[in-house]
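Colleague: Each chain is listed here by its residues.
2 protein chains.
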Amino acid sequence: MQKVSERAHHRKSVVLSSGGVDSTTVMAIAKAEGYEIYSLSFRYGQRHSVEVAAAEKVAAFFGAMKHLVLDIDLRIMGASALTDEIEVPKGRDERSMNTGIPVTYVPARNTIFLSYALAWAEVLGASDIFIGVNAVDYSGYPDCRPEYIAAFEEMANLATKAGVEGKTRIRIRTPVIHMTKAEIIGRGIALGVDYGMTHSCYDPAADGKACGLCDSCLLRKRGFREAGIEDPAQYMG
Amino acid sequence: MQKVSERAHHRKSVVLSSGGVDSTTVMAIAKAEGYEIYSLSFRYGQRHSVEVAAAEKVAAFFGAMKHLVLDIDLRIMGASALTDEIEVPKGRDERSMNTGIPVTYVPARNTIFLSYALAWAEVLGASDIFIGVNAVDYSGYPDCRPEYIAAFEEMANLATKAGVEGKTRIRIRTPVIHMTKAEIIGRGIALGVDYGMTHSCYDPAADGKACGLCDSCLLRKRGFREAGIEDPAQYMG
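Protein sequences, first through last, are from chains A and B. Terminal number for the first sequence in the working numbering: 237, no gaps in between. Terminal number for the second sequence in the working numbering: 474, no gaps in between.
So here's chain A without its partners, still in its complex pose (with noise of 0.2 Å):
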């Protein structure tokens, strides 16, 4: 029993980590499995690199094994909101953030995390990846969607040598995909994390302050007020 119970405790896991809410309380949940954690970040040409910052604290808070930062340059494949000089969005309602792709979509940025996720959890003889998309309120995002994910983890099977050996069948791992905002935040806060070190804003001011305007802001802005908890995030003006 002991053994069994140890080597659960030793399962090695590949989490995603933006910095935000979303993806630290993944890695609360990752945690709170039993994991050890491998945390994985990108610097790729966005304005919001305080968030790399964040994903730094919130790997230390949660004991991960490694924190790796990835440079991969994204602008050089045209236009986005995260990454180009294109106004961010403020100040809209819910219903148009839920319209259509938003102009913050990034091409194939979840395939290409997940795709750099796969090749290190192949090399640490990993077998989950958890990654914290949200197909409530990124509705607009194709690959926040169950049936993107379910369709990724099938290829990530065939792709590997974990794969053809039948070995370790590699899961994407997405707990709060179903979640709302408030929610996921009530699970963290369950888990004890400390929203304090994250970052959501997609425009930040040059000390690191939100903007309290822009679609990730006001999501977060609502989920705390929904959750009943205050937003411990630092806001302009």
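Rather than coming from a laboratory, the hints here were simulated on the basis of the structure. For each residue, glycine too, the CB sits at the ideal point set by N, CA and C. Among the hints, a few may not be true.
What the hints assert, rightly or not - Derived DSS-like pairs: lysine-lysine, alpha-carbon spacing no greater than 27 Å straight-line:
{"hint": "1", "chain 1": "A", "residue 1": "12", "chain 2": "A", "residue 2": "161"}
{"hint": "2", "chain 1": "A", "residue 1": "161", "chain 2": "B", "residue 2": "327"}
{"hint": "3", "chain 1": "B", "residue 1": "294", "chain 2": "B", "residue 2": "446"}
{"hint": "4", "chain 1": "A", "residue 1": "90", "chain 2": "B", "residue 2": "398"}
{"hint": "5", "chain 1": "B", "residue 1": "327", "chain 2": "B", "residue 2": "458"}
{"hint": "6", "chain 1": "A", "residue 1": "161", "chain 2": "A", "residue 2": "66"}
What the hints assert, rightly or not - Interface residues of chain A toward chain B, partial, derived using beta-carbon atoms under 7 Å:
{"hint": "7", "residue": "108"}
{"hint": "8", "residue": "115"}
{"hint": "9", "residue": "118"}
{"hint": "10", "residue": "123"}
{"hint": "11", "residue": "152"}
{"hint": "12", "residue": "160"}
Given the structure of chain A, go ahead and fit chain B onto it with the hints provided.
Modeller: Showing chain B alone in chain A's frame:
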């Protein structure tokens, strides 16, 4: 009629190019089918960066609209003879090449390459991604099998705007996947390919000459021999 055929002649394709025999032949096939070529190569810390120079020559040869070279660091992902200081195997017979997964396998490499190609295809509005994978000579690589490619295509159409909005179905094209090396070379010669531009060696000399003994050189040499065509590559010694 004219209009349809004109349109057919301006379909865009992203072609993954290593500067080797297979991907160069694939580019010739894409060109012959009337596609505009957007050539995509990677510098990923491999020892044989001379292949990047070959890919540039190949893109110019086929009049590519653009040739993009992305820097990605796969070394950070761990061990492989193509990126680390592990010895590249030399002088192996074909049977041992086809036993299990070779040391030259890079975890999830084709998945990462195809993910970037997918991002670029979405930005360009390209419908087809061409890749020179081969299930005959590289039977040990999980990500060279038709079932892997089919799964990637399925995932790609769920990952992207085009897929969600039902506009353009992305196709992953693998025209040489079932060909022997001799057949690939024969097809390329018929399409006017000058294989003097290409580079195949896993372990070239400083002056770019091929070793003649690694798996890739051996497969290339046998391919030209079986095709009855003189190999224009320059070998050491």
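Colleague: None of the hints should be skipped; say for each whether it holds.
Modeller: Right, here's what the structure says about each hint:
1. A:12 x A:161: holds, 17 Å
2. A:161 x B:327: holds, 23 Å
3. B:294 x B:446: holds, 16 Å
4. A:90 x B:398: Holds. Residue 90 of chain A to residue 398 of chain B sits at ~23 Å (cutoff 27 Å).
5. B:327 x B:458: Cα-Cα ~14 Å, so holds.
6. A:161 x A:66: Given that 27 Å is the threshold and the Cα spacing comes to 23 Å, the pair holds.
7. 108: holds, 4 Å
8. 115: Holds - the Cβ of residue 115 of chain A comes within 7 Å of chain B, reaching about 4 Å at its closest.
9. 118: Holds: closest Cβ of chain B sits about 5 Å from residue 118 of chain A, inside 7 Å.
10. 123: holds, 4 Å
11. 152: Since chain B brings a Cβ to about 5 Å from residue 152 of chain A, closer than 7 Å, the hint holds.
12. 160: Holds - the Cβ of residue 160 of chain A comes within 7 Å of chain B, reaching about 6 Å at its closest.
The structure shown violates none of the earlier numbered hints.
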